Amino acid sequence: GAVVSQHPSWVICKSGTSVKIECRSLDFQATTMFWYRQFPKQSLMLMATSNEGSKATYEQGVEKDKFLINHASLTLSTLTVTSAHPEDSSFYICSAREGSSTDTQYFGPGTRLTVL
Amino acid sequence: LAKTTQPISMDSYEGQEVNITCSHNNIATNDYITWYQQFPSQGPRFIIQGYKTKVTNEVASLFIPADRKSSTLSLPRVSLSDTAVYYCLVSYTGNQFYFGTGTSLTVIP
Numbered sequence: 001g002a003v004v005s006q007h008p009s010w011v012i013c014k015s016g017t018s019v020k021i022e023c024r025s026l027d028f029q030a031t032t033m034f035w036y037r038q039f040p041k042q043s044l045m046l047m048a049t050s051n052e053g054s055k056a057t058y059e060q061g062v063e064k065d066k067f068l069i070n071h072a073s074l075t076l077s078t079l080t081v082t083s084a085h086p087e088d089s090s091f092y093i094c095s096a097r098e099g100s101s102t103d104t105q106y107f108g109p110g111t112r113l114t115v116l
Numbered sequence: 001l002a003k004t005t006q007p008i009s010m011d012s013y014e015g016q017e018v019n020i021t022c023s024h025n026n027i028a029t030n031d032y033i034t035w036y037q038q039f040p041s042q043g044p045r046f047i048i049q050g051y052k053t054k055v056t057n058e059v060a061s062l063f064i065p066a067d068r069k070s071s072t073l074s075l076p077r078v079s080l081s082d083t084a085v086y087y088c089l090v091s092y093t094g095n096q097f098y099f100g101t102g103t104s105l106t107v108i109p
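Protein chains in written order, with the working numbering: chain A, 1 to 116; chain B, 1 to 109.
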């Protein structure tokens, strides 16, 4: 149980285009989903937290107009990188949590974004 | 936001027990401790979670002393496939998480 999927697993796009990444909890309902980014050989950095039906909460320094997050249902959250630039190239990982804040986060497999 | 501190790297021979300690001095009363394993270009995989004393599952044990200011992940008889980065995460009442540097474990044949 507790499986989280992400799609696509990798994407290459041109500078200036927008890219959407989907995160799904496959066998549980996720009241909260999280988005992280990870640069090579570095730790995960939390970008934003989203609760179903509510606006996402962004961490300091993360541009909410650039990284659009939608959590439309209890099993799906999307991250859209708008007007992507090469510096946005990174490994994006989502996680999902079922209930309370002490419940375990389960992570997706990640999406490798490369912006040319 | 309490931070976690772990050793940056560790080496171990196959078949040995590995203990990785995480410091979390500012842990709060309701916080839980969770350990994850991450392979390159993959999302972190849940290993074990605990609140106090000792927790054991099929793959690991987690030891938490009474003051809860640290925790130790114990991996019995590691194999080459256990080479990965291990993160301890303190779960806050709320949505604040801090992933430290993690510990890069290399298992040597």
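These are computed hints drawn from the structure, not numbers from a lab. Check the hints yourself; a few may be wrong.
Pulled from the structure, derived: some chain A residues nowhere near chain B, Cβ distances all over 10 Å [claimed, not checked]:
1. Q6
2. V11
3. T17
4. V19
5. E22
6. D27
7. S43
8. G61
9. K64
10. L68
11. L74
12. T82
13. S83
14. S95
15. G108
16. R112
Looking from chain A toward chain B, a few residues come up when the C-beta cut is under 7 Å (computed) [unchecked claim]:
17. P8
18. P40
19. L44
20. L46
21. I93
22. T104
23. F107
In silico lysine-lysine, DSBU-like type, Cα no more than 35 Å apart, as pairs [unchecked claim]:
24. K14(A) to K66(A)
25. K20(A) to K66(A)
26. K20(A) to K41(A)
27. K54(B) to K66(A)
28. K41(A) to K3(B)
29. K55(A) to K14(A)
30. K64(A) to K54(B)
31. K41(A) to K69(B)
32. K41(A) to K55(A)
33. K52(B) to K3(B)
34. K54(B) to K20(A)
35. K3(B) to K69(B)
36. K64(A) to K41(A)
37. K64(A) to K14(A)
38. K55(A) to K66(A)
39. K64(A) to K20(A)
40. K69(B) to K52(B)
Predicted model, so just to flag it, every value in this text is computed and none were measured. For each residue, glycine too, the CB sits at the ideal point set by N, CA and C.
The hints, checked one at a time:
no. : hint             : verdict
1   : Q6               : violated (8 Å)
2   : V11              : holds (14 Å)
3   : T17              : holds (23 Å)
4   : V19              : holds (18 Å)
5   : E22              : holds (14 Å)
6   : D27              : holds (14 Å)
7   : S43              : violated (5 Å)
8   : G61              : holds (14 Å)
9   : K64              : holds (16 Å)
10  : L68              : holds (19 Å)
11  : L74              : holds (17 Å)
12  : T82              : holds (23 Å)
13  : S83              : holds (25 Å)
14  : S95              : violated (8 Å)
15  : G108             : violated (5 Å)
16  : R112             : violated (7 Å)
17  : P8               : violated (14 Å)
18  : P40              : violated (9 Å)
19  : L44              : holds (4 Å)
20  : L46              : holds (6 Å)
21  : I93              : holds (5 Å)
22  : T104             : holds (6 Å)
23  : F107             : holds (4 Å)
24  : K14(A) to K66(A) : holds (16 Å)
25  : K20(A) to K66(A) : holds (12 Å)
26  : K20(A) to K41(A) : holds (24 Å)
27  : K54(B) to K66(A) : violated (43 Å)
28  : K41(A) to K3(B)  : holds (19 Å)
29  : K55(A) to K14(A) : holds (28 Å)
30  : K64(A) to K54(B) : violated (41 Å)
31  : K41(A) to K69(B) : holds (27 Å)
32  : K41(A) to K55(A) : holds (31 Å)
33  : K52(B) to K3(B)  : holds (18 Å)
34  : K54(B) to K20(A) : violated (42 Å)
35  : K3(B) to K69(B)  : holds (11 Å)
36  : K64(A) to K41(A) : holds (25 Å)
37  : K64(A) to K14(A) : holds (21 Å)
38  : K55(A) to K66(A) : holds (15 Å)
39  : K64(A) to K20(A) : holds (14 Å)
40  : K69(B) to K52(B) : holds (10 Å)
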